[in-house]
Amino acid sequence: MLSSIPFDVEVKSVVFAMNGEGAPGPDGFGGCFYQHFWDVVHIDVCNSVRQFFTQGWLLPNLNSNKVILIPKFHGADSIEDFRPIALDNFHFKIITKVIVDRLALVAPNIVSSQQRCFIKEKQILDCLCSTTEVINILGHKTCGGNMAIKINI
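Take 0 as the starting number for the sequence shown in numbering that gives the first Met the number 0 and just add one per residue.
Worth flagging that the hints you see were computed from the coordinates, not collected in a lab. A portion of the hints provided could be inaccurate.
DSS-like cross-link-like pairs, simulated, lysine-lysine; straight-line CA separation at most 27 Å [claimed, not checked]:
id	residue 1	residue 2
1	65	92
2	149	96
3	92	121
4	149	121
5	121	96
6	149	11
7	96	65
8	71	11
FRET-style restraints, in silico, Cβ to Cβ [unchecked claim]:
id	residue 1	residue 2	range
9	59	6	21 to 27 Å
10	7	145	25 to 31 Å
11	68	7	34 to 40 Å
12	61	100	18 to 24 Å
13	75	39	36 to 42 Å
14	73	107	23 to 29 Å
15	6	67	32 to 38 Å
16	133	46	50 to 56 Å
17	133	6	47 to 53 Å
Think of the CB as a built atom: it goes at the ideal place given N, C-alpha and C, for glycine as much as any other residue.
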């Protein structure tokens, strides 16, 4: 199911579910272009997505990105004064989103319910908050003392 060839309707639903107002990719085309001109470009877009799923490789430069540094304030002169923004190719985002949507259907069955990431509405930051609370109460002596063990973080 994860690697099956997507139908046009699946590709279209992915295109229209994504943010059309995001920054355009290195090719200059953003989501709003694909959404607005879907009736013109849909055959080429769907064929390109299917090409990836049938042949297992990407067209040259399809996964090319540009990182642009946006100054946080006027007169920025050191790297800390800039905010990086990645301009990803929207076409590549379509392929990625098809795979992500499919994984979202499978993930709850293969990831333990005790995991705090990869499951919808759970965040790994929840563990950090719990850990911080536990560390804050370590100084309170109970039953002869307390101990914290860091395992696989």
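A quick look at each hint next to the structure:
Between the alpha carbons of residue 65 and residue 92 the distance comes to roughly 14 Å, so the proposed pair stays at or under 27 Å and holds. Restraint check for residue 149 and residue 96: the C-alpha separation of about 35 Å exceeds 27 Å, so the hint is violated. Between residue 92 and residue 121 the alpha-carbon distance is near 23 Å, which keeps this suggested pair within the 27 Å criterion. Distance hint between residue 149 and residue 121 is fulfilled; the C-alpha atoms sit about 21 Å from each other, no more than 27 Å.
Straight-line distance between C-alpha atoms of residue 121 and residue 96 comes to about 19 Å, which keeps the hinted pair within the 27 Å bound. Distance restraint check for residue 149 and residue 11: the Cα-Cα separation of roughly 46 Å exceeds the 27 Å cut-off, and the hinted pair is therefore not satisfied. Distance check on the hinted pair: residue 96 and residue 65 sit about 20 Å apart at the alpha-carbon level, within 27 Å; holds. Distance hint between residue 71 and residue 11 is unfulfilled; the C-alpha atoms sit about 36 Å from each other, more than 27 Å.
Remark: the range hint 21 to 27 Å for residue 59 to residue 6 is upheld by a beta-carbon distance near 26 Å. Between residue 7 and residue 145 the CB atoms are about 59 Å apart, so this pair departs from the stated range of 25 to 31 Å. Residue 68 and residue 7 have their C-beta atoms about 38 Å apart, which keeps the hinted 34 to 40 Å range intact. Taking 18 to 24 Å as the suggested C-beta distance range, the pair residue 61 and residue 100 conforms, at roughly 19 Å.
In this structure the hint that residue 75 and residue 39 lie 36 to 42 Å apart at CB holds, the actual value being about 40 Å. A hinted range of 23 to 29 Å for the beta carbons of residue 73 and residue 107 is inconsistent with their spacing of about 48 Å. About 35 Å separates the C-beta atoms of residue 6 and residue 67, a value consistent with the hinted range of 32 to 38 Å. At roughly 53 Å, the beta carbons of residue 133 and residue 46 sit within the given window of 50 to 56 Å.
Taking the beta carbon of each, residue 133 and residue 6 are about 49 Å apart, inside 47 to 53 Å as hinted.
Checked against the numbered hints listed earlier, the structure breaks hints 2, 6, 8, 10 and 14; every other hint is satisfied.
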